[in-house]
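J.: Each chain, letter by letter, is given below.
4 protein chains.
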Amino acid sequence: MSFRSGRHHLHIPGPTNIPDRILRAINRPTIDHRGPEFLELGLEILEGLKGVFKTSDPVCIFPGSGSGGWEASLVNTLSSGDRIVMFDQGFFATAWRKMAQSLGVEVDVITGDWRRGVDGKSLIEKLSTDSQHEIKAVAVVHNETSGGVTSRIDWIREAIDTCKHPALLIVDAVSSLGSIDYRHEEWGVDVTIAASQKGLMLPPGLCFNALSSKAIAASQDAGLARVVWDWRPMLAANREGFFPYTPSTNLLYGLHEALIMLEEEGLENVFVRHQRLAEATRQTVSAWGLEIFCRDSAEYSNSLTAVQVPKGSDADLLMQIALKDFDLSLGTGLGKLQGKIFRIGHLGSLNELTLLGVLCGIEMSLQIANIPFRKGGINAALEFLRSRKC
Amino acid sequence: MSFRSGRHHLHIPGPTNIPDRILRAINRPTIDHRGPEFLELGLEILEGLKGVFKTSDPVCIFPGSGSGGWEASLVNTLSSGDRIVMFDQGFFATAWRKMAQSLGVEVDVITGDWRRGVDGKSLIEKLSTDSQHEIKAVAVVHNETSGGVTSRIDWIREAIDTCKHPALLIVDAVSSLGSIDYRHEEWGVDVTIAASQKGLMLPPGLCFNALSSKAIAASQDAGLARVVWDWRPMLAANREGFFPYTPSTNLLYGLHEALIMLEEEGLENVFVRHQRLAEATRQTVSAWGLEIFCRDSAEYSNSLTAVQVPKGSDADLLMQIALKDFDLSLGTGLGKLQGKIFRIGHLGSLNELTLLGVLCGIEMSLQIANIPFRKGGINAALEFLRSRKC
Amino acid sequence: MSFRSGRHHLHIPGPTNIPDRILRAINRPTIDHRGPEFLELGLEILEGLKGVFKTSDPVCIFPGSGSGGWEASLVNTLSSGDRIVMFDQGFFATAWRKMAQSLGVEVDVITGDWRRGVDGKSLIEKLSTDSQHEIKAVAVVHNETSGGVTSRIDWIREAIDTCKHPALLIVDAVSSLGSIDYRHEEWGVDVTIAASQKGLMLPPGLCFNALSSKAIAASQDAGLARVVWDWRPMLAANREGFFPYTPSTNLLYGLHEALIMLEEEGLENVFVRHQRLAEATRQTVSAWGLEIFCRDSAEYSNSLTAVQVPKGSDADLLMQIALKDFDLSLGTGLGKLQGKIFRIGHLGSLNELTLLGVLCGIEMSLQIANIPFRKGGINAALEFLRSRKC
Amino acid sequence: MSFRSGRHHLHIPGPTNIPDRILRAINRPTIDHRGPEFLELGLEILEGLKGVFKTSDPVCIFPGSGSGGWEASLVNTLSSGDRIVMFDQGFFATAWRKMAQSLGVEVDVITGDWRRGVDGKSLIEKLSTDSQHEIKAVAVVHNETSGGVTSRIDWIREAIDTCKHPALLIVDAVSSLGSIDYRHEEWGVDVTIAASQKGLMLPPGLCFNALSSKAIAASQDAGLARVVWDWRPMLAANREGFFPYTPSTNLLYGLHEALIMLEEEGLENVFVRHQRLAEATRQTVSAWGLEIFCRDSAEYSNSLTAVQVPKGSDADLLMQIALKDFDLSLGTGLGKLQGKIFRIGHLGSLNELTLLGVLCGIEMSLQIANIPFRKGGINAALEFLRSRKC
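If you read the protein sequences in the order shown, they are chains L, Z, F and U. As numbered in our numbering, the first sequence has no gaps in its residue numbers, which increase by one up to the final residue, 492. As numbered in our numbering, the second sequence has no gaps in its residue numbers, which increase by one up to the final residue, 492. As numbered in our numbering, the third sequence has no gaps in its residue numbers, which increase by one up to the final residue, 492. As numbered in our numbering, the fourth sequence has no gaps in its residue numbers, which increase by one up to the final residue, 492.
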């Protein structure tokens, strides 16, 4: 690569920009993971994580990406041949479904529109046909990272409750946790999956399962084989602040710092900031005359915005230009969306001027790529963000 | 914890002291794991790793500790009910055996003495009874980290060959890779498991499976469920320098630097250095009049030394004193060895004077702990190390 | 300070944003400044610096800021009572003049307009009256950081040559070196002063004197007292790669990395980049309908732009808003310019999107501060920067 | 340089090993040195430094090494032709004397023995002949870094008081501050010089002048020219937490952290630790049968030990071996002591095992260098340090 002056602009929807504070926290000698100093660290992290998930139940930390969190959520709760309801929400929901199938679980897919959030009604229909309670779990993605659509988890909970169905509720909050309000306990979620490299502002390498007592009970009987992902030895060791195998100590240093930062800013302030920056992005996209992939403004994601390019234009070309000319990394369209959309990550450690620089970079790249759009969209973001300050 | 001046002395048998160069390499902004800069990094690492394992076949990198590497090695090669031969070598071999059983594999244990390496003869006996070739794999630990005993992997290979048995050879090289000569290809190993936090001088968080083409072929038919650990999508993505899910980018930065450092020092020089420092340690232990846990000097580990305390003495008390009085972390006796032995890690980024400081710390702690020993053992190390220089 | 998410935007005209690479280079253990490893470092730096100043003569490195460089330039060349010609160029030129007077030097001031560069003609007038050659030196600021005005050093040289005057030419290149083309040798400069925290992208703490052989000769007779600033022991020690007193080793690590980065980008490319970003800034300022402090476009500074606010407006209020609302630090008006101008630093490690974010921040702050301006100025920068790419 | 595994052992008597905490503190983006965040930092540092010098009067911070601190102490208190009493204490005292002479000050040297501390009696003799009070200052080195001899500053104070002489007392505490008890105010010191790279555990680059009100008063009339070193604008700016020219911000970050660390450990504990490690060093030197350069045990330095090699042996050869074979940097003999002594730095961030490693390295190097000595000296340190723990 040729020399690039200044900072790279990383605006994929995760991994996100890691604050220097967190990089410095990671940049410490590894310690004995069975010693007293680690114990203190471990207990503080395990306690602090509960606040971020809004739960009083335990949160498990595994080495891995979101995929690891998915696998852990399934192998700890299900047995081979168990039925699980999953939704056709987007690229990642699809991958999760395939994973479940690979693990020997029977998946009932509720069809959907990738441009919309999931729908409680269709779930009620599905569950009400299951009078034998063969369905063991309902798995849903809170914020689909492929399309920038946020679903209402409380509605899913309500649907399950309406049916008085005992299925576990498993939620992927990978790209919402720490960016978009998420309430594990209040929404009655049994397993929440998250990962380090999004709203938690860390490098990739850690994934999480927040549990409910019902999920913990289910794990006693779940028949799928697992060792590394097994909650049982993890929960036992965590009670003492330790881990059943060598943990990723240095990433845990970073997590400890991230938890302090989220507390310093205040979790609700974090959500408001993400909402503000997301709205600025959307106003600019609209001013450009481009279409937001998510159809319903009530379901707009505050951690990323997927933008459709007009027919005949190539979103990947735009991304290549942004990278080459402006050192800006945007998210590509995944799977069937490739070339049709690009995705702007606006989550994690971020503020107004950094986002505005990114929007400027996209505006220039749109023009260079000869994609039809209305110039000056950046002014909408300026107007909006300015109005929030005075 | 009260204030401790100077550096902590981490001498457990891994995680090891991370060189500043590697910490600085990790301390970089995360990049797009689907972009061109990552591609270059990924390809260089995947190629460089082969040299460290001494193989020309692919090496898979997973997020996780050694346990993850174990699980990956088993779920990619075996089906439920398959038979595997494993050895009673020590605490970690035992844990690995339990893992195999948890995964639904039938384990044939070859009994052994934790104070000795494994024995090709008993394997020949075992395999020669298996004319139906029901045994699918032989799994052995190269360097048992619980007891400091190094087994001869070439003898195991020879035993399998003698029986003309098609079983796969799976080897745990977690605490030997990058410290003790290890030859994946020459020894005909099918899967080698390693991890980042030992001879590779990295923080914990990455584990490895070096493969053979026979192992890759076996993975097509292996019936155990796996997604994250699955070699197939990993090998496919790796061919392009990418990963099937978000990799631990920052640890990969560190791995890239570690590979450069190993090359700068020269892998054979690394082994000689470990041998020298290990021998200095052993001479001191002997001069103290204490017994090395490993019975056979031909099987002494060059990455750690496990030391027995005399009957009536408590090795854990020694460790507590070393930590409290001298900020020195040693390895505890694991499982049935707790209190009976302590372990000195002398692997990774290490030199003479650092090791000598550690041996001094142990000598003082032995006295404070009232453990019977001969004072002045440190002089043996001084004499030996000095003799190697002039 | 309350919590601020994301990066701080430091856009004073130095110190500038330090690239992570340089921070990491500094983040290394200090070494023996009399040992062989230092020697190598020292020689590489001393050689590399010559290229940045475009000279083949030695460059001295002192601990200190630009003020230290000024003091060193004077005490090594002058004796008490010597006459020196200096210009009324701006706040920093004024401070330098006061320093000369404090040191016992007689200063002939050539009056000027802070909004314009210096003028060779008036220097010719001054020098031509000095037939006795009582004037020992002419001291001029290349790029006045207080007003954003770049003077033509080659014209000053020409003026001196026209008069066939033997005065030394001393130039302050503090805010131009590494940002704006500067040619120590070609322009016949005898002493060039620079500092670490501007175009060299380092933290403050180092200052420089690039010398000519005439300057070195003059230093043999210069009567002003000096020890730390004395070139003579410095040049003697530097010949061996060492320093006459303990150097700021860790900042030298950073300097070593900065020299590598400047070479990687190519010094001429660095100048073109600064020119491009500066021009984008100026086009935006003009589009806002605000006045650039520098009157003559041929003298616009490429490292900073000083902007006048309309009468009745308070530039300091704007700066406070930028800091409070957008975490953006701008340069204040210094001395008599306080409240009348603000200064935008666009030097050092910087690229398009970062600059555009800053300009967006200023546009919003202008509005919040109720300073009369035309909205949408940012579009001019977008247009200009885009046009340079396609 | 060929590859060296593990950490370099830096045991010159400064710069010292920088704790990772301090390196990480330095590894932060530079901020606006005129902004509110800097203000907070500046005030905390300026206040915290007073505690380390044990004074309630101001302490000035300059960019520079100890030489800068020396120059500042002289140019702020003296006028050309003033008389100052200085002592023949060692290499650094000699350099300081030459500096005073270069600055135009008349130096009265009290002759002495480099192997002993200064003597109040000879000062009384000197001062009692000065009934006209022509002597303006007495300048003394607290801990001569070239010979490892600590002088009694309270005796010097007493001598001045006995003579009722108004001379200022100027003390070099460069290698004692933060390592050996030092009491600026109680001992009636008027100017104390210190630097960052010794007991303060920082990289080189900062020097200090702690003042008395008498010194501040003297600076109003002092006639020596100075600008950068001038206390007057420094004290004025410091009152607001700022500096009269761009300060070395990143080193100030490190200083802030160093002050926190000294407070966490407790300054008196810091002194006790230095005393303990120094005593262990001395017991080992004695057990080797080598002579400590300092003749009087009451004057042994706790920050370094200078060791004489027997006639016919070459201390520099020893140092080269230590560096080549064991990656250990020791201090050389300076000036007339070159080849005759080597110096062991045992100051700053240091603990038992690190020191013991160093002593082991010296013992092996002595043998390799064929310097006559008694082997096994290390055991004396082990015995002593062990006895201090149980």
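Hint data in this document are derived by calculation from the structure and do not stem from the laboratory. A quick note: this is a predicted structure, and the numbers were derived from the prediction, not measured. Errors might be hidden in some of the hints.
No copy is singled out in the list; a pair is fine if it fits within one copy or between any two copies.
Each computed EDC-like pair below joins lysine to aspartate or glutamate, with the alpha-carbon atoms no more than 20 Å apart [to be verified]:
| id | residue 1 | residue 2 |
| --- | --- | --- |
| 1 | Lys426 | Asp416 |
| 2 | Lys316 | Asp332 |
| 3 | Lys200 | Asp323 |
| 4 | Lys228 | Glu401 |
| 5 | Lys442 | Asp418 |
| 6 | Lys426 | Glu366 |
| 7 | Lys413 | Glu260 |
| 8 | Lys200 | Glu381 |
| 9 | Lys223 | Asp159 |
| 10 | Lys200 | Glu367 |
J.: If a hint holds in the structure, say so; if it does not, say that too.
T.: Going down the list of hints, with the structure as the test:
no. : hint             : result
1   : Lys426 to Asp416 : within (16 Å within a copy, 40 Å between copies)
2   : Lys316 to Asp332 : within (16 Å within a copy, 30 Å between copies)
3   : Lys200 to Asp323 : between (23 Å within a copy, 19 Å between copies)
4   : Lys228 to Glu401 : neither (23 Å within a copy, 63 Å between copies)
5   : Lys442 to Asp418 : within (8 Å within a copy, 47 Å between copies)
6   : Lys426 to Glu366 : between (37 Å within a copy, 17 Å between copies)
7   : Lys413 to Glu260 : neither (39 Å within a copy, 62 Å between copies)
8   : Lys200 to Glu381 : neither (33 Å within a copy, 53 Å between copies)
9   : Lys223 to Asp159 : neither (29 Å within a copy, 52 Å between copies)
10  : Lys200 to Glu367 : neither (38 Å within a copy, 45 Å between copies)
The structure fails to meet hints 4, 7, 8, 9 and 10 from the earlier list, while all remaining hints are met.
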